[in-house]
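A.B. asks: Protein chains in written order, with our numbering: chain A, 1 to 313; chain B, 1 to 313; chain C, 1 to 313; chain D, 1 to 313.
Be a bit skeptical, because a hint or two may be false.
For identical chains, the list gives no copy identity; a pair is met inside one copy or between any two copies.
Claimed, not checked - Here are the simulated lysine-lysine pairs, DSS-like style, with alpha carbons at most 27 Å apart:
#1 94 to 298
#2 217 to 298
#3 135 to 15
#4 94 to 24
#5 109 to 298
#6 142 to 18
#7 109 to 94
#8 94 to 18
#9 298 to 135
#10 173 to 217
#11 217 to 18
#12 93 to 142
Hint data in this document are derived by calculation from the structure and do not stem from the laboratory. All figures in this text were calculated on a predicted structure; none of them were measured in a lab.
4 protein chains.
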Amino acid sequence: MFQVRTDLALESKEKFDKDNVEIKGVRVEEEQVSQEIHITRVYIDTENGARTMGKPRGSYITLEAMNMLEEDESYHREVSEELAKIVRTMMPKKKQDMSVLIVGLGNRKVTPDALGPNVVDNIMITRHIVREFGKYALENPKVKIVSAIVPGVMAQTGMESSEIISGVIAETKPDLVVVVDALAARSVRRLNRTIQITDTGINPGSGVGNHRHAINKESVGVPVIAIGIPTVVDAATIVSDTMNELITEMNRSQTLNHVGNALSGLDDIEKHELARELLSPNLNAMFVTPKDIDEAVKRLSYTVSEGLNLAFS
Amino acid sequence: MFQVRTDLALESKEKFDKDNVEIKGVRVEEEQVSQEIHITRVYIDTENGARTMGKPRGSYITLEAMNMLEEDESYHREVSEELAKIVRTMMPKKKQDMSVLIVGLGNRKVTPDALGPNVVDNIMITRHIVREFGKYALENPKVKIVSAIVPGVMAQTGMESSEIISGVIAETKPDLVVVVDALAARSVRRLNRTIQITDTGINPGSGVGNHRHAINKESVGVPVIAIGIPTVVDAATIVSDTMNELITEMNRSQTLNHVGNALSGLDDIEKHELARELLSPNLNAMFVTPKDIDEAVKRLSYTVSEGLNLAFS
Amino acid sequence: MFQVRTDLALESKEKFDKDNVEIKGVRVEEEQVSQEIHITRVYIDTENGARTMGKPRGSYITLEAMNMLEEDESYHREVSEELAKIVRTMMPKKKQDMSVLIVGLGNRKVTPDALGPNVVDNIMITRHIVREFGKYALENPKVKIVSAIVPGVMAQTGMESSEIISGVIAETKPDLVVVVDALAARSVRRLNRTIQITDTGINPGSGVGNHRHAINKESVGVPVIAIGIPTVVDAATIVSDTMNELITEMNRSQTLNHVGNALSGLDDIEKHELARELLSPNLNAMFVTPKDIDEAVKRLSYTVSEGLNLAFS
Amino acid sequence: MFQVRTDLALESKEKFDKDNVEIKGVRVEEEQVSQEIHITRVYIDTENGARTMGKPRGSYITLEAMNMLEEDESYHREVSEELAKIVRTMMPKKKQDMSVLIVGLGNRKVTPDALGPNVVDNIMITRHIVREFGKYALENPKVKIVSAIVPGVMAQTGMESSEIISGVIAETKPDLVVVVDALAARSVRRLNRTIQITDTGINPGSGVGNHRHAINKESVGVPVIAIGIPTVVDAATIVSDTMNELITEMNRSQTLNHVGNALSGLDDIEKHELARELLSPNLNAMFVTPKDIDEAVKRLSYTVSEGLNLAFS
């Protein structure tokens with residue numbers, strides 16, 4: 001009924017599944033890796049599929065782990081290892097001396113948007129050591145040449161993240177860029193429990209702070225893997241989703257059936273008018289997040305850093 | 001229709017105004033202090049008024065300043081001065097050597113809940129100087145004896161804030177306690193634009209993190225002034241409020257009139273059942289906050305610190 | 001020659017060893033736990049020993065681990081396990097439901113003094129869960145009832161840390177207090193490589209910020225274990241130590257022998273006069289610390305938190 | 001006798017003054033701006049002067065304000081205004097639409113090195129607003145187009161600060177770069193009381209973390225103003241300086257005269273040998289800083305941000 005937003009390809013796909021619509025040019029594979037970890041691979045193969053899904057062509061791999069919020073360390077290790085495996089499959093094949101720039105997008109001072117910066121805090125940085133002493137100075141000489149940056153957000157820098165990153169890439173010429181970012185999901189159930197890894201990079205309108213410019217192979221000239229975890233739901237999305245459920249419920253319920261019918265009878269223009277009137281314009285600049293978001297972001301950022309440290313060592 | 005929550009006495013009162021209900025034992029005074037600042041004083045005089053309002057007896061003074069988010073320094077100064085005036089009227093009358101303990105409630109690591117801790121960061125602390133060198137060591141010997149503490153939240157300490165504060169009060173015996181906290185409002189329009197000052201202290205269920213124990217004169221033995229700024233709306237509140245507006249809209253609109261009638265025709269039990277089904281249980285532990293909450297909390301915490309520094313010097 | 005300061009009993013003892021002086025009432029035991037970890041136990045048994053050492057009677061156990069700055073995780077785990085063992089030997093024997101308050105002393109905003117607060121950030125807090133749901137709500141019901149507090153420093157609170165802690169102890173009645181603090185060593189070689197565990201608590205004049213009041217069994221009424229890591233050397237200490245080495249060197253060296261003799265010939269009053277003239281009074285409020293203190297404190301605080309989490313689970 | 005280090009041109013000059021040596025190609029002007037503020041202008045005019053001073057040709061303006069640590073706000077305002085005046089004289093003359101990139105060098109997580117990052121936190125950023133809405137969206141349309149970045153340090157990024165900044169400059173093409181950095185002084189008396197403003201940018205070996213690459217007009221292609229405040233003294237400097245004073249004292253003193261003579265009698269090789277033996281190699285990676293460095297850096301960073309905000313509005 002109302003427009004909703006999600007950064008997860010999985011959720012975009014589910015919308016169509018619900019309506020039993022099959023999308024040409026989009027393939028889905030499911031895998032239950034262990035009792036706890038479920039992986040869904042969404043491949044958008046054609047331009048047509050991309051248009052329908054509202055996301056660029058490429059692979060979107062979603063790792064769902066319902067207990068990712070628990071403190072169990074061995075469990076987090078398992079998630080990190082699966083993440084590392086997926087990242088390795090997306091890495092360019094270059095036998096040696098591969099260099100990687102890891103970018104922590106987002107705002108360190110807004111808790112649910114601090115995921116990217118926090119991940120960078122725990123990355124094993126090696127580029128300066130290799131350049132100074134050679135790779136045999138490292139305990140493990142197979143380690144990739146890793147650098148990292150936290151560009152900050154536009155209100156702090158006056159610059160698009162994409163401008164800063166393009167400049168740093170042009171100057172330091174990494175073979176691969178990995179961008180870590182907090183995402184917006186459609187469903188509160190997915191918050192802090194889902195990791196999306198994609199080879200399509202960052203695209204306009206994604207992220208907690210709604211990036212305005214792309215950071216992908218086309219825009220920066222090297223492959224870009226984006227790793228994201230949904231930590232917020234847009235406030236407008238949560239409200240409109242609840243309304244949709246209200247209508248669904250009305251259609252189902254005995255008591256409310258006549259109400260639902262009436263609402264369903266509205267045409268699209270009437271529906272949009274209703275939406276516009278109800279959704280406070282203030283909601284556009286608001287998000288919904290859990291009260292314990294500090295603990296969640298702290299734990300998740302360790303899990304992702306460890307996954308990246310494994311992938312690049 | 002659904003239960004909503006607000007920490008602002010002003011909003012509790014408005015609910016009744018909307019329904020044209022007058023509440024016995026509650027008085028309201030309005031004052032337009034300047035073009036920008038509006039003050040509303042809600043006095044709950046009787047136990048009956050307290051029950052109806054769902055808030056303890058006492059004074060609730062709300063300072064609304066629609067441009068409190070702007071960067072204009074002189075404007076913030078005006079707000080700080082009004083805040084200082086209000087705090088002074090609530091202070092116990094003690095001619096000299098009054099000692100004040102300022103408590104910054106909330107979670108420093110969750111941006112909209114960091115208001116209290118951030119305010120404490122900019123308070124002029126004098127107690128240790130006066131105890132070491134006497135009050136003539138201070139530039140202005142009229143300054144109050146000020147101490148401050150940031151107790152942290154239960155997930156970090158394992159203790160209720162009220163336990164820590166009671167212990168510190170018993171040990172250091174201040175004449176007055178001022179508690180600063182981030183609040184939950186009902187309306188997104190009020191976020192970061194409203195300061196509530198009350199002589200009733202902190203009461204169970206208030207604050208972003210829902211305090212479970214009171215911090216007031218009864219519980220700690222000295223007068224407690226609470227200063228709060230709403231920085232979040234409960235996610236459940238925002239959803240249910242929008243539903244209420246949906247129904248209101250339906251009743252008003254030509255097209256939707258028959259729908260609204262149908263919904264209005266539900267009895268209270270049916271309404272609550274509907275609510276329970278629609279509102280995801282996850283929403284109870286979620287809040288809604290603006291994306292620029294970092295800048296808002298930074299600016300507001302300066303304004304409050306400056307107000308307290310003025311009040312106690 | 002000049003006054004030096006150390007918070008490590010091990011270093012106080014070494015001073016006497018150097019001069020081949022045996023101290024009555026002080027026993028020392030050494031143990032090489034593994035290739036990497038060396039433990040020294042200093043027991044001050046008598047009041048006489050305490051006077052000579054300038055430290056209260058009790059056990060001072062020092063864990064030295066020369067590679068504690070390396071990133072090797074398994075190595076840190078070993079240190080944490082040894083730390084846990086030592087803490088367990090100092091714990092009061094109480095079969096069940098033992099409650100522990102962990103205190104992170106120091107200033108979170110001064111990097112080498114942030115050890116205590118950082119340790120608390122990673123402690124597994126259980127008290128609020130046990131009180132709410134009973135101990136069977138915990139995965140491991142043998143876990144101790146753990147609470148924690150970061151009191152801040154006097155310039156931030158206006159209160160002595162000891163006042164805040166006494167208040168919290170009186171209110172929450174733990175069976176044991178563990179205080180974690182950054183210390184001052186005499187030798188730069190010991191910085192960030194040594195953990196001292198003592199059953200004597202915190203005593204006046206110790207710590208980076210020079211605590212002015214004791215936190216020990218006498219002052220707070222329950223046993224107090226103090227865990228400290230030297231992260232700074234007093235600036236005055238480093239200067240005067242180098243001078244002493246200059247004189248020693250002079251005495252030894254062929255070329256400089258006559259100089260050393262001359263200096264050694266000064267009587268004590270002349271030496272103190274010289275010291276006073278040379279040591280800038282500014283140095284008293286200064287400390288020396290390594291440039292990579294941020295990484296050191298980050299790693300060490302994990303090691304200590306893990307040790308405490310092991311000890312209390 | 002031993003090698004000392006200072007980032008302040010003023011202190012380099014003083015060394016020669018002490019020895020009554022005049023340096024060709026170096027001019028000095030002094031000005032007592034007010035009772036509190038003293039300005040010294042050192043101009044290195046020739047390559048010869050640059051070699052002697054060990055600093056590149058250019059202007060080095062030092063603003064000394066002995067009470068810069070006090071909390072008096074009006075006093076800080078005066079310092080900010082003087083700083084703004086000096087920055088304006090160094091700015092390129094471009095009538096309109098001048099764009100400035102402000103760089104906060106240093107390590108946010110090491111308190112005395114956090115000056116640069118903290119200054120950036122309070123800069124009024126305008127570039128994104130001007131690009132989105134035009135300059136008339138600003139309250140004051142004369143405001144410069146200001147962007148800012150905190151590049152982090154090499155251990156965090158694996159990149160030289162100069163690499164990141166060069167990349168960002170190439171991408172965003174500012175007309176002027178202002179770099180803010182914490183410096184090392186020779187004398188503890190100067191710490192946190194002195195601001196150096198120079199048109200020579202950042203040069204290898206300067207700063208708390210010893211930058212290895214230049215950031216100046218030659219290296220980045222646009223004018224670079226560097227603003228620095230000494231917050232540390234190198235540990236080796238403080239030790240060797242005290243030794244020098246010891247020797248001076250010995251030469252002067254009756255009692256010690258024969259000692260001083262003996263030491264003075266050492267030839268240069270002997271002196272260096274002595275130095276190498278005495279100065280622990282650990283000291284090279286250590287600095288000396290005041291215990292209240294958190295408060296000092298907080299206050300000073302406000303003063304500098306305000307100065308820059310004034311200069312560019």
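A.B. asks: If any of the earlier hints don't hold here, list their numbers in rising order.
C.D. replies: 1, 2, 3, 4, 6, 7, 8 and 11
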